Every structure is written in structure tokens, then in C-alpha cells.
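Produce the complete structure using the sequences and hints provided.
So the sequence lines, in the order shown, correspond to chains A and B. Quick note, the first sequence lines up with residues 1 to 623 if you use this note's numbering. Quick note, the second sequence lines up with residues 1001 to 1101 if you use this note's numbering.
Any given hint could be a false lead.
To be verified - List of simulated lysine to any residue pairs, SDA-like, C-alpha gap at most 25 Å:
#1 B:K1024 x A:G600
#2 B:K1050 x B:D1095
#3 B:K1025 x A:T603
Claimed, not checked - A few chain B residues facing chain A, derived, Cβ under 10 Å:
#4 L1022
#5 E1073
#6 V1093
Said to hold, decoys possible - Away from chain B, derived, C-beta distances all over 10 Å, residues of chain A:
#7 P454
#8 W495
#9 G600
#10 L604
Read the hints as simulated data drawn from the structure, not as lab findings. A quick note: this is a predicted structure, and the numbers were derived from the prediction, not measured. We treat Cβ as the ideally placed atom computed from N, Cα and C, and that holds for glycine.
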Amino acid sequence: MANDFTSYAWLVPLFPLLAFLVLIAAGRQLREAGAYISIVAMLASFVLALLIFFERLGHTTDYTWNQLKWLTIGDFQLNMGFEVTNLNALMLVIVTLVSLLVNIYSKGYMHGDERVNVFFSYIQLFSFAMLGLVISVNVLELYIFWELVGVCSFLLVGFWYFKPEARAAAKKAFIVTRVGDVGLFLGMLLLFWYMPGHSLDFSAIHNAFSQGKIDPSIATWIAILVFVGAMGKSGQFPLHTWLPDAMEGPTPISALIHAATMVAAGVYLVARTMDIFQASPDAMLVVAYVGGFTAIFAATIGTAQNDIKRVLAYSTVSQLGYMMMALGLGAATAGIFHLFTHAFFKALLFLGAGSVIHAVHTQDIREMGGLAGKMKITAWTFAIGALALSGIVPLSGFWSKDAILSAAFEHNQLLFWVGLIAAFFTAFYMARLFFLVFAGKPRSDAHAHESPAPFTFPLVVLAVLAVIAGFVFTPFNGWLGHWLGDHAEAETANWTVMILSTLAGLLGIGLGYVMYGKNSVSRDIVAGNAPWLYTLVYRKYYIDELYDVVFVRGLRLIGKAFELFDIYIVDGIVRLCSAAVVGIGRLGLRLQNGQVQTYGLATLLGLLILALALAGRRFFHLG
Amino acid sequence: MSITPYLTLAAILFCIGLYGALSKKNAIIVLLSIELMLNAVNLNLIAFAKYGPKPGLAGQIFSLFNITVAAAEVAVGIAILINLYRNRGTTDVTDMDTMKR
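Below is the structure:
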């Protein structure tokens, strides 16, 4: 089959880059047009990505172009380029689609903000970097884009920089992910060192590791280090703390970057370098257990948060944990499938939350309530997203979660139960969120009304996708798995898993309903009977406090010592130099006073010294 | 007759002139001091021409030239001073510090 569109895949990231350049060059003059330029650029990318996707449907061979010479060291040459595999094509569609919808949504959400075009330019830069990351041909290229999306995340989390919380959150996001990036960088160095021919290309990595050319212990190290990078980006425990704080950014950003695309980059990275992980069972186990622990850990925190976006953020962390767990269990298709469905329903939930925040001007769910009657579209779409997330048949979340849980059921019973309990908590906190926000009576005087069309259009599109996206990979239809080239996974209907996961979901929703919908069970049942447990969960297991004591204080102390060294020693030397120069200058100034008599005196003294030197030469024989 | 008294007198005259040129505030006196130094030099020239190791007329003629040039120099100097006095209203050399700027 032809590669008519695939060979132009490099154009996909280029449209947002062009839009970014236009916006950054002429942002202020453009005013309203900025949003339209962004939307058109993203639409172009989306259409091209879709064409590539359809062209790829019959393909299984990868398309690679890497003729751009990047650097030559001796015999070693590093080429850049782009690569389109079926996984990449799927990611291109997810990223461009969510980005397009978020652009449309932002036009409504950011309306009236005076830096709206700066906002759009950042989104375009992010889309460029994310799409570039997806089609990267080697690890170094991926790393460059990896850092670039990190910068965009930093800029957008801190977009409202006049809020101190936003500034702190932006810094935290940057620093915590940097810890992971160091891991990825070290992994890349190791990879460079041990790969045959020092090649960093993904295809070469695939060949080397799948043929067992790399020592398994080295493979374990590389895999763990790459996974550390993925942990930072994808908010896996213990580097998850930045993601909930990143909710200080504008809500469309939370939907785009911190739910659907950038945080999934870690999952994508692990899936892309799956061969390294498969060469090392230990690394797979680490990935699976970190993912499983993150899934249940973040899900429990989500049950006790009161900020609508923070609940969703912890939910994101938990779902990313699911994906990692799937990858760690060797079920790459299940993990990518969950990434695919999660991108839609979590973006939907965040955009719905943004619509609610836009209407009631608060993020505290205890102050909301009874919004279902006033915001029908938001409520319905949010309900669809919540049900999909909770894993209710036949919405997309059910199928992807089921794929992960049945993989766990086959390979690791412990992780299966962890995942099941996490699914229960997920359903519970989503029910809590939904009933507190949309059901019952209003708890504040805000006059809420339905948001305008730029809000509701993306919501409806995403809601439709959240319903239907699951049917590409069900126990009765393994198309996605075959297409992604994962032949090992013969998906069979596992009724035990299906029934158990549905039960967990329904149980969670039911408990949420009786506690927050009907109020027949007291909400304070946990907080009243075991206050320590409630506080522990409410304070997010004191992880932030722990980091503060262990890392932040210690580093501050070292920083203080260096600061003192800087102030007194380094600055002291600098000041000494400047004082000496200033002193000489003063002396010169006193000589150059314009008084001809002073000049005369200086000349006389000079003459005397000269005469003395001439006379003295006779006695001292100095030359 | 030895050369020493002439040279001593010239040295004393030169030192007085140098002191005056470097320390006096009044520009006229500074100018006069410079003339003193010039005359000390003339005295030396003549003394060496007469009692030096190679007596001759050259030193005496040179001193005549010197006197002429000094006269011209004084004329120019006085003219500058008068103009300065007209412009600035002072003959104090400490006020004449425009070279600083």
C-alpha cells in the first residue's frame, strides 16, 4: 500500500509550530483572530493525522525517514527524522483530536483574558512538542521533545503567575518531573553505551533487545532508568506529587496536558521501548507493582478531596497507574487501549469541570449542588464521563479496564485484587463528585446557567467518543491488538473478571449514591469513627510533608550554606577587586584635577625620580 | 674666576622661579616666576660659554635668542591672561581648571 499521507507525517507537528510562530510574533495585534488561527492549525493537523491513521489501517510495517544529519562524532552519526508506526498513528489522532477540542473550548473559557493569545501560543507550542515526541525516530529526539513538553507544562501551569499557588505549582511540576528526566537521561546514556553501533533509533532498540543482544542485567538498569523518567512525567508514585498541584493552571490545560496527552507520554515511552522491558522480567515487575500501587494509592486519596479538579487529578494519577500496571504485566495493548479511552473520558471530565467552574466560580464541591437542572448538557456529558471512568458496561472505560484486569487476573492475582479495589474507589469518588456537584440542592447563591457553545461542543464530541471508543478492543473484537502487532494477546472473554469489575463499579457508585445522593448513610461515617484514617487520606498520606522534611529542608540548608559562601567569599573577592579599582581611580581623579600647578608638581616629582634612578644606577648596578 | 658662583646664583633663581610657578595663586606672578626660571637658564648658558670646558660664542648667542623668544612668550601669555580676566573675572590659577572637563 502507498504511503501517500504517511510520508508527510512531519507536517502534523509543523502546523501548530507555524501557528505558534505567528501568535508569538503578532499576538497582540491579532486579538480575536489568535484563537481561530490556533483552531485552524490544529484542525489541519487533525485531518492529516486522521488521513494517516486510515492509511495505516491495512499496514503493519513501519514507515521511517531519518535522513536529517544531526551530529557526527568520529564514526558515529546521529540522524533525526520521523517514524510512523501504528502506535504512533493512534497517538497522533488522540493528541490532535483532544488538542483541537481543547482549542475550541479555550476560545470560550479564556475569553476576556488579556493574555489569551499568549495562552494559545503556548498550547500550540505544546501540541508541536507533543506531536514531535510521538513521531520521534530515536530516543534523543524524543528526549528533546520530552523536555519541551515539560517546559510548556511549566509555562501553562504558571499561566496565571500572579497567583502565588500557580507559581509554586509550576515550579513544583518542573522540579519533580526533572527528577524523573534525570533518570531518563541516564538510561539514554546507558543505552548509547551498550547498544550495538551506539544507535539510539527505536527500530535498532527493538532489534537489539528482542534478539537478546544486550546483557539482561544491563537491560534491567536501562529499563528501570527509563521507567523513572516515565514515572516523573506520568505522575507515578513516588513522583506523583506535582500532578495534583498542577491543577492551578487553567482548566483546558488540565484536560489537555495533565489528563489526556503529556502525562500519557510516560506510558507511551514505556510502550515504545517495550522491548527493553521485556528483556528484563525484574523491570517488568517493578513497573507492574509501581503502577498497581499508584492506582490504589491515588484512588483512595481521591475519595477525600474537596476540590473538583484535584479529585480528577488524583483519578488521573490512579488511571495512569492502571496503564503502567498493564504494561508491567506485558499487556501493552491493554495499557495503550486504556490510554486511548482515558484520554477521551478524562478530557471530557476536566472540560465538564471547567464548565462547572465557569458557571459557579468556585472549585470546592461542597459549595456546589443541584446543577443538573441548570446545566443539562454539562451534567449529562459529565455523567457519561464518570460512568466510563467507573467502568460501567458498555462505555469505553469498561472495556479498557476489563482488558487490564483480565491480564492481571491471568498473570498476577495480587495485582488483580489491587486493581479491583482501586476500581471500587474510583467508582465511589466519581459518584461522590457527581452527586455533590449535580444532585441535591444548591449550596450557594451563584446563579449557574449552561455554558455557551464553545464549551458544550467539545463536551458532546468527547462524550460520544467516551461511549464508542471502547468497541475497538473488546473480548469479542481484538482488532486493536492485532493492529498494534501484539499477537501474544489472544483476548478471550473472561466472565469472572467482567462480573467482578462491574460489581466493583456498581458497588462504588451505590455507596456514593447512598452517602451523597440520598444521604441515607452519614457522610461522616469514616471521619467520625476513624478520624485518623480520614485525616491521613485527606492530607494525601502526608507525602508532601514528608518530602518537605526529607528533601526540601535539607536542600534548603545546603542552599543556605552555599548562599553564605556566595555572599561572603565569592562576593567578597569581587568587592575587593572592585574596591581596588575604585581606589586607583580615586587617586587618578585627584591627579587629574585640571590644576596646571598640580600637573607641574607631578612632572617635577617624575623628573626627580628619573634623575635619582639615573644617579642610583651608578651605585646599584641594576642595568 | 670660577664658574661656581654663577651656577649657584642660577640654581637659586631657578628654585625661586619653580616655587613661585608651582605655588602662587596669581597668574601674573606665575608668569613672572617662569621668566625667573628662563633667566636662570640664560645665566647658565652664558656662564658655561665663558668658563665652561669649551668656551665659545654659541652659548651667548643662544641666550640672546632665548631672551627674544621669552619676550614673545610673555606677550602672548599676558594677552591670554587679559582675555581670561575679561571672560572669567579672575586671575587666580586655581579657578582655571577647565582642563578637567
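- [ ] Provide an ascending list of the numbers of those earlier hints which the structure does not satisfy.
- [x] Per hint list: 2, 5, 9 and 10 violated.
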